[in-house]
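K.L.:
Here's the letter readout for the chains.
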Amino acid sequence: MSNDAATATAEGATPVAGPEQQPPAHGIGASLAPGDARAKTEGTFPYAADLWAEGLLWAAVLRAPHASARIVSIDTAAAVAMPGVRAVVTHADVPGDPAFGRRIADRPVFASEYVRHQGEPIAAVAADHPDTARLAAAAIAVEYEVLEPVTDPEKAFAAEPLHPDGNLIRHIPLQYGDPEATGEVVVEGLYRIGRQDPAPIGAEAGLAVPRPDGGVELYTASTDPHSDRDLAAACFGLEPDRVKVVVTGVPGATGDREDLGFQLPLGLLALRTGCPVKLTATREESFLGHAHRHPTLLRYRHHADAEGRLVKVEAQILLDAGAYAEASSESLAAAVAFACGPYVVPHAFVEGWAVRTNNPPSGHVRGEGALQVCAAYEGQMDKLAGKLGIDPAELRMRNVLATGDLLPTGQTVTCPAPVAELLRAVRDFPLPTLPKDAPEDDWLLPGGPEGAGEPDAVRRGVGYALGMVHMLGAEGADEVSTATVKVQDGVATVICAAVETGQGFTTLARQIVQETLGIDEVHVAPVDTDQPPAGPATHGRHTWVSGGAVERAAKMVRTQLLQPLAHKFGMSTELLQIADGKITSYDGVLSTTVSEAMDGKELWATAQCRPHPTEPLDEAGQGDAFVGLAFCAIRAVVDVDIELGSVRVVELAVAQDVGRILNPRQLAARIEAGVTQGVGAALTENLRTVRGQIRHPDLTGYALPTALDAPDIRIVKLVEERDVVAPFGAKAASAVPVVTSPAAIASAVRAATGRPVNRLPIRPQAAVVQQG
Amino acid sequence: MTLPASLDEAVAALAAMPAAVPVAGGTDLMAAVNRGLLRPAGLVGLGRINEIRGWQYQDGHALLGAGLTHARMGRPDFAALIPALAAAARAAGPPQIRNAGTLGGNIASAAPTGDALPVLAALEANLVIAGPGGARREIPVSHLLAGRDMLAPAELIGYVRVPLLHAPQVFLKATGRTGPGRATASVAVVLDPARRGVRCAVGAIAPMPLRPLEAERWIASLIDWDGERAALAPEALGAFGEYVAAACIPDPEPPADGSPPPPLSPAVLHLRRTVAALARRALGRALS
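These protein sequence lines are chains H and L, in that order. First residue of the first sequence: 1448, per the working numbering; consecutive thereafter. First residue of the second sequence: 436, per the working numbering; consecutive thereafter.
FYI, nobody ran anything at the bench for these hints, they're computed from the structure. Don't take each hint at face value.
Facing chain H, according to a computed beta carbon distance under 7 Å, are these residues of chain L, among others [unchecked claim]:
| no. | residue |
| --- | --- |
| 1 | L607 |
| 2 | V703 |
| 3 | H705 |
| 4 | T709 |
| 5 | R716 |
C-beta: ideal position from N, C-alpha, C; glycine also.
When you get a sec, could you build the whole thing from the sequences and use the hints?
P.N.:
Take a look at the structure:
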């Protein structure tokens, strides 16, 4: 799901608990509206699918219909012979590296010998009409020897290797504490999490334009342009500086949005034909091509003492990575590290595996790893509460993590961790009123308006979950970002390769410059790879590193601007302030305008932000792997029709650890969007496969939450405890509500039905209560 | 693409170009075209045929135009005539789909999840089919859905003849979400006081709507048709639900060797419970 593009919510829709004061109109803390909101609403905002170039050709990709097969032969003669077809490329036409991958280059540009998942690219066609291209792609004759697909990740260990690299992508046996420790109470559980699709509102699209120097420019909605450029250049056999990725408008991104499986064929065709080539994916291709959330199998055993304090957690976590490694190794690290949740656990033994299967590819979708384990450990906490007869919120309260505690990876939590405060806030928030006194018509029952719901069969349940995610790349990834700020004629421009995915970076960059330089008019330049890299738009890194780089660059410009004045006034630059286009001294005696101080000059400054380094998890799963952590508590209230098993989420009360509120309205929108994506993961979103084939690759079969499914979202508390190592002290806000809400909803359904609910999304038969 | 203005013109256009495909709302057709599954050689648009966009009365029946949109059928004036069909139309999807999708299209595409279909089956509606040369023939909707009687080349569904029963009717469906979605099971219950009958059809669980005829007769015999209130005891409603569900989702046949039959899978058992609950609720609402 992806309602991120719509970052502006109606004012007053969500009460944001914060200090009762008038928010500023500009700068940090202002509810500045996104600059592109109007264009997006009016439909004039240009996305990649809207691009056009003179004389462009259309591309189509031939995709494998099987989940596992050996390619016997590929005959492109029929396609080449079709009138209007300009080029057909297969694996034999890849001039550079035949395979690519962000961490491990294990994924072929085009399948050559083996097909490892349904929808894997086999060949691509460029033609003068999109229909011709599709027909030509269909005319390519491929002979397959269909093989038995490996679709059960548990069987991947013993199965024949699906790839020369073997079936095990990563194994982390985390060991922390005493393996002999036991608790008085032991609960066990087996949990299964389904395959969520990021389902961006706009499907993949791109335009490749050949350059006179033999290079190529790729216009795509990439969220990580520099990595994409490097990978593409390696496959094209070109120097990286001859490939340029230009980022177009991003129509929704909650993960690694752009699939290089589209961009690489596009670039190859442009290089081959010497013409601009455009490709727009259908929704079906989009479902087949991009990475999904890892389907996960989790087995847990929690030990606790009689008071409900955790003694030991044992867990086995199995991630279905699909055919290629992608980001599975990072996802597994997050799953293992957060396997116990934001709770203090003296002894933990968590074994995690990411394995290769012939299922659709899995990769980075926000909250990856953390979402799956959150659903499991919170299921365990509910079981413990039930077994000990302790209130579920109270049991959680007795175990919460705080600053200074240790994670099972041995890392000390040094950032603010106000978990207890968050839990208290959602627990003490008044419950929504029961609709028994209201006329029945006003009660939106499970099943929807005029649906089959019957008030007598509806039970209400309340559940809790605490979630955590890491921010920025983990395990030693270099998280640097570079930004440039330019000021001329009273207008500031920010140049930074951080991609605006709907997370609000451009708005934030404008606010930072307004705050630092006192200039209202700030523009953010479009992103391309001629700019220095800023890294992928994931894990809230742009709020942190790119925002930090923008602030530093703006401060350097400020010093350049004020230095001559300070010299003239005979005081240091710190004693001057800029506001409303005026520079005044601290005592207000001396003053001048910004334009006068600029004196027609152009001021430039470039700065970098690089957070403190991290280290990889060692062979026992130990290490300071994470730069920062963010926490969230959610209380879910659900109505369940216990005969039909239909569930409606009535209300989600959210308390979140945000460090500092930089833009209240944008923050509320991000939390609401994240929570709603979590509602999808909890109730409806599961991309089902049979023998590795996607059953319904369309938005009718893959049910995203609609406005009727989205609950009332109450943001009851935003804890502003500044993280001293982060610029502005702010924490990324988008991922942690996604992680926490499915677990909270499952907990509430457990409370309503008394059923174990150990599978996400929750199937109706799991929420039915047998009568009599 | 041709845009005829009358039913006969449309039939003539189809006869003149047999490879052309008629298109009304296009909600199913265009999805298939966009996915590359269908590439019609020509289209005959039915959107300008005013005679099939409304309805008229004919000796105790309503003659519904096949071009009626779901949005139109969902309005209160229509709901006063045929409440179950109106309820099905309102449940048929998001507003964009309901504004475009038509009654005739719902029948022609005959998707198992078509929401109007169980209602038409329960109402024992007839289709008026227009053929070349102004020919009209009438077939029961169930015959078309079962494939007993197919549309010949250049034939179009013109109207749907539905009896006006002047009695409560209920349509209920179970879906995976609170917002509009495909039915996992749906039930239509209509009362026919003049014939002292209850008619029920279950949709979405089989390729065509199923009619539990024995359950209908049994429950009709329990209803006090002359009384002020026709309400039944909750046990009777519950038994009706079980009866309907068992008829539509029967237990597997015991194998010939006399061993116990294989148990139904949990998913099928859940579906049976869902049908039972929907049928019980639908009848309860119809009689309350």
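K.L.:
Look at each hint and say if it fits the structure.
P.N.:
A quick look at each hint next to the structure:
1. L607: Nearest chain H Cβ about 4 Å off; hint holds.
2. V703: At 10 Å from the nearest chain H Cβ, V703(L) fails the 7 Å test, so the hint is violated.
3. H705: Check passed: Cβ of H705(L) comes within 4 Å of chain H, closer than 7 Å.
4. T709: With a closest approach of 6 Å, the T709(L) hint holds.
5. R716: holds (6 Å)
In the structure shown, a violation is registered for the earlier hint numbered 2 alone.
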